[in-house]
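Residue numbers (the working numbering), protein chains in the order written: chain A, 1 to 282; chain B, 1 to 214.
One thing to keep in mind: the hints can contain errors.
Now the in silico label distances, taken between C-beta atoms and shown as ranges [stated by the list, open to error]: (1) Trp16(B) with Gly129(A): 37 to 45 Å; (2) Leu30(B) with Leu253(A): 17 to 25 Å; (3) Gly211(B) with Glu236(A): 19 to 27 Å; (4) Gly108(B) with Ala12(A): 51 to 59 Å; (5) Pro14(A) with Thr15(B): 39 to 47 Å; (6) Glu8(B) with Glu236(A): 17 to 25 Å; (7) Ala66(B) with Val115(A): 28 to 36 Å; (8) Ala12(A) with Val85(B): 46 to 54 Å; (9) Asp70(B) with Ala15(A): 53 to 61 Å; (10) Pro54(A) with Gly116(B): 30 to 38 Å; (11) Gly28(B) with Ile23(A): 18 to 26 Å.
These are computed hints drawn from the structure, not numbers from a lab. All C-beta atoms in this analysis are idealised placements derived from N, C-alpha and C, irrespective of residue type, glycine included.
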Amino acid sequence: MTERRPLLLRPAAPALLVVALAIALVVPRTDALRLGAADAVPVERWNAALDALPAEATVLVAHDPDLGTYAEIRPTVRIALADLMARDARLAFVSLTPEGRALLVAELARLERGVVNPARMLDLGFVPGAEAALVSLASGPKVPAGAEGLIARNLATQGTGAIDALLVVGGNDLGPRSWIEQFTPRVGDLPVLAITPTVLLPEIQPYLDSGQLDAALTTPRDGAAYREAVTLGSLERLREPVEPSALGVLVGLLVAIVVLGQGWGARVLTPLGGASREHEHT
Amino acid sequence: MNGLFGAETVDLVATWVAALVTIVVLGGLLGERRLFGWSQHLLAGLATGFLALIAVTEVIVPRLVAPIADGGADRLELWLGLALVGATAGAPWLPRIVSAVPISLVIGSLAAFALGGAVIGTVLPQLVAATSVDGGDTASLATGAVAAGITGLVLVGFLHGVPRGRVLTAASSAGRWLLVAGIGGWLGYLLLSRLVLLLDRIGFLLGDWLGVGR
Chain A
1 MTERRPLLLR
11 PAAPALLVVA
21 LAIALVVPRT
31 DALRLGAADA
41 VPVERWNAAL
51 DALPAEATVL
61 VAHDPDLGTY
71 AEIRPTVRIA
81 LADLMARDAR
91 LAFVSLTPEG
101 RALLVAELAR
111 LERGVVNPAR
121 MLDLGFVPGA
131 EAALVSLASG
141 PKVPAGAEGL
151 IARNLATQGT
161 GAIDALLVVG
171 GNDLGPRSWI
181 EQFTPRVGDL
191 PVLAITPTVL
201 LPEIQPYLDS
211 GQLDAALTTP
221 RDGAAYREAV
231 TLGSLERLRE
241 PVEPSALGVL
251 VGLLVAIVVL
261 GQGWGARVLT
271 PLGGASREHE
281 HT
Chain B
1 MNGLFGAETV
11 DLVATWVAAL
21 VTIVVLGGLL
31 GERRLFGWSQ
41 HLLAGLATGF
51 LALIAVTEVI
61 VPRLVAPIAD
71 GGADRLELWL
81 GLALVGATAG
91 APWLPRIVSA
101 VPISLVIGSL
111 AAFALGGAVI
121 GTVLPQLVAA
131 TSVDGGDTAS
141 LATGAVAAGI
151 TGLVLVGFLH
161 GVPRGRVLTA
171 ASSAGRWLLV
181 AGIGGWLGYL
191 LLSRLVLLLD
201 RIGFLLGDWL
211 GVGR
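Produce the complete structure using the sequences and hints provided.
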């Protein structure tokens, strides 16, 4: 009787995957594998929505991404914030989830280090209560005690009337859908933009089609196309120095397909092998 | 690039800590479970600590304690809020009828807001958008019909304990397969997100920590 030894490949496979991805990251990039070569429509729609904003618009940034998917949208979020600032927009940040708040604190620290004009930013902090918090925000965001500047004054006096657009950075439970369901019906006609990971695309698409969502960047390719197209002037320093690697994504997806295919293949081949052995015995 | 610009000592320490923890987590892929388990405990502890911190510093103190201290002692809703916080914190030692009040309020309000918002913000506008035939072409009508058909089949797939004929059984089976296909598609999207996260971490180790390609 022979025992099947576990293949060395099995425990080593994850290490090989990491090494393969590391090699893919350092290999020189080519235009043949360029993430930014995507459908231009989402980016055109995004830019059209930004172009339609009034001068020195106040944008409420709802920052509630998820730790597990933030890496996918982080470069796009950073460029979008820099783009809004390059367009002289004023940004008021709010988070409704602790996870979003933690990531927002890191982003605000980064903007601060990037020497962004602090008068153009206001941190509204963490608002607890999930859907109830959205309803309370619709009746006017609560400006933190001691907050100064034009954004704080406008929000304190005009409430949501001071907001010209809403940018939702999604990924967590309280994403664009929640804002569209709870916030926008209560504040009237307000342009809504969203940046979400691909996993939320099926949830976002109906709102884009119905016009409830003005524009969204929901895939790595949309994000890369937007990042390629945008010019930030003096805020170019806020751009991440290295773009995500399309080759790395391709290698990873191929490995995933092979692993999934291995399961299917084994299921198909096992009965065939058994049948062949039975045939030999007889 | 993870946002740590500078070359100050604190940045250096943060990068090294992040790199070591990343290596520990990646070590879990190779079977190193003990350190990986510790890193999971570390994450859970940090998350709990952060949650408690923002609950105290951004909610309880500025929204309850400070207003009461600043002359709002006659505001009944603040005292009520404080009592609910106390009931939540003391739940293990309080009678169930008392400790259940804040949780019931949370669940009830969440369900009410979510349901109301779903009807006003999603169901009605989406119905209007889907049934609007002005300017709608044949393709969009066909898409709507297919979507309605798939929705119907998936809903039939949830029928349990109902006497079924051959047609209903086939429709139910098709609905379940469509549901499985939908979940498969969603997992595919999730795989992409996780893959990008893995690449990001490897890129962090190579670029920010080891300085390769910088």
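Do the hints match the structure? See the list:
no.	hint	verdict
1	Trp16(B) with Gly129(A): 37 to 45 Å	holds (38 Å)
2	Leu30(B) with Leu253(A): 17 to 25 Å	holds (22 Å)
3	Gly211(B) with Glu236(A): 19 to 27 Å	holds (22 Å)
4	Gly108(B) with Ala12(A): 51 to 59 Å	holds (53 Å)
5	Pro14(A) with Thr15(B): 39 to 47 Å	violated (24 Å)
6	Glu8(B) with Glu236(A): 17 to 25 Å	holds (23 Å)
7	Ala66(B) with Val115(A): 28 to 36 Å	holds (32 Å)
8	Ala12(A) with Val85(B): 46 to 54 Å	holds (52 Å)
9	Asp70(B) with Ala15(A): 53 to 61 Å	holds (59 Å)
10	Pro54(A) with Gly116(B): 30 to 38 Å	holds (31 Å)
11	Gly28(B) with Ile23(A): 18 to 26 Å	holds (21 Å)
Hint check: a violation occurs at hint 5 only; the rest are consistent with the structure.
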